[in-house]
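Trainee: On the provided structure of chain A, position chain B as indicated by the hints.
Single-letter residue listing:
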Amino acid sequence: MATATGGDRIILGIESSCDDTAAAVVQRVDGRAHVLSSVVLGQTALHADFGGVVPEIAARAHSERLDAAIAQALAEAALGFDDLDGIAVTAGPGLIGGLVSAVVAARAIAAARGLPLVGVNHLAGHALSPQFSAELPFPYLLLLVSGGHCQFLLVRGPDGFERLGGTIDDAPGEAFDKVARLLGLPQPGGPSVEEEARRGDAARFAFPRPLLDRAGMDLSFSGLKTAVLRERDRLVAGAGGLRRQDRADICAGFQAAVADVLAEKAARAISVYLGENPANPALCVAGGVASNATLRSALQAVASSTGCRFVAPPLALCTDNAAMIAWAGLAQFDAGSGGDFAARPRWPLDQDAAPMLGAGKKGAKA
Amino acid sequence: MTSARSSSLDLPDAEATTRLGRALAVELRPGDTVLLAGEVGAGKTHLARAAIQAMLAVDGRSEDVPSPTFTLVQRYDCAAGAILHADLYRLGDLRDLDDIGLTDAMGQDICLIEWPELLGQAALDDALLVSLEPDASGTGRTARLSASAPRWQPVLDRLMAGGRSA
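Respectively, the protein sequence lines represent chains A and B. Here the first sequence stands for residues 456 to 821, numbered as in this note's numbering. Here the second sequence stands for residues 122 to 287, numbered as in this note's numbering.
This is chain A alone, in the form it adopts within the complex (with noise of 0.2 Å):
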């Protein structure tokens, strides 16, 4: 019987919560993670003409992706199920068709080679992610924006996780894809919205920056975007037609105010995480945030200003991805984790909500 458990350990990472299917292999060594190799197998170009990304959701669609995503990483690390010694599945948060199609892969993959087999939340595959780009002591500080996430944390351990506050509306992935709608350019929106921002007056309009007036450190975008909507509006009615300049504007003038307030909120979260007087303090972001330049550059100068350390995965892993899975599990049966579970499609970090969904297609109605 294979085990999990100990030092340089190969784990399969599967990772089918939302739109794209993955699948990587992860090695240990000494402590530090080694990806071997990482596929994800993602409709996002597909669709991008469409305003918003059509995902694949029939149960069957999946599992065919998550064959040929788990057989290309197996193949890309030169290695086949007889050398893995583990295997670690998204369980939630997430679509629950994409979830149950991964969970029933990887049950089946694990009984039939022996191997031992955990469930990994998400959202803990992108909080531990930075580890792929530095060694963390913990405690760190993470801003974790990943589809429709958006949070601060404080992450404790390899599941000990505190929520300082986050979105109370939308995501900013969610407020670039939607003003990327309102102004008829291409999805997926943060790269258009980007693009189109470098040649905008970041100055021209005065979009809100919300809840900086409120303390904390939750965050809300929800306004940003109807401000940008009555803006477009308000261009067209005056104009009859949003200009080309116009809509660069925009966009600056909207990166910006996102970048204020990602970058305000993060000031007080470092206040509140510095309180703590932690070694060799760091500031980690992960999910699509980091992607982009300009918030990056503006959490950035954050860190530096408050003597923390800037720590963000490589690009390639700060997007959905199974070697986060598969990093997260390791820690998993660390721990001992093992046994059964199930695909949870609501499944917050920080707290021990109830399964929503169990093995039942109606799910528990208790």
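Just so you know, not all the hints are guaranteed correct.
Claimed, not checked - Distance ranges between label pairs, derived from CB positions:
| no. | chain 1 | residue 1 | chain 2 | residue 2 | range |
| --- | --- | --- | --- | --- | --- |
| 1 | A | A567 | B | Q274 | 57 to 65 Å |
| 2 | B | T260 | A | E590 | 45 to 53 Å |
| 3 | B | P275 | A | G791 | 51 to 59 Å |
| 4 | B | G241 | A | E590 | 49 to 57 Å |
| 5 | B | G152 | A | A658 | 51 to 59 Å |
| 6 | A | A566 | B | P275 | 52 to 60 Å |
| 7 | A | G762 | B | A257 | 33 to 41 Å |
| 8 | B | G241 | A | A771 | 37 to 45 Å |
| 9 | B | P133 | A | G693 | 17 to 25 Å |
| 10 | B | G228 | A | D795 | 53 to 61 Å |
Just so you know, the hints here were simulated from the structure itself, not pulled from any lab data. Quick reminder that beta carbons are idealized off the backbone N, C-alpha and C, glycines included.
Mentor: Below, chain B alone, put in the same frame as chain A:
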């Protein structure tokens, strides 16, 4: 074919939208479907969030109600019943409704559905439709409430009465 009754409410600010959400929460019971229509930024999620948070508050719970745009559907279990908050914008096919659990939930749980156009005309027979659009001033919104099922007629009366007196 049933004819829908329709009424309009002025929502001069975000707080008015929140009040409508709270008033709606008092009315909702398992099996109810509310369709939320309107463009990006019209206030669909704001209205749904206010309703869901009011229902959770009855249980003494205070939780984030994130936008369902990325996750497609968010589920909340509370004393009033299970609530599904869905966003169909990114769905391409009616069959996808099975996969996000909405087919089973409609008519059984409380369903708040943004971007409901995919559902087609049939959904309007049983549902309350709330259409949100910016008002002439540019700072507020207008909510048009319409429903043809008898279930919603007294609800419409109360929501309109509450909206006027607020």
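Trainee: Taking each numbered hint in turn, which are not upheld by the structure, reported in ascending numerical order?
Mentor: 7, 10
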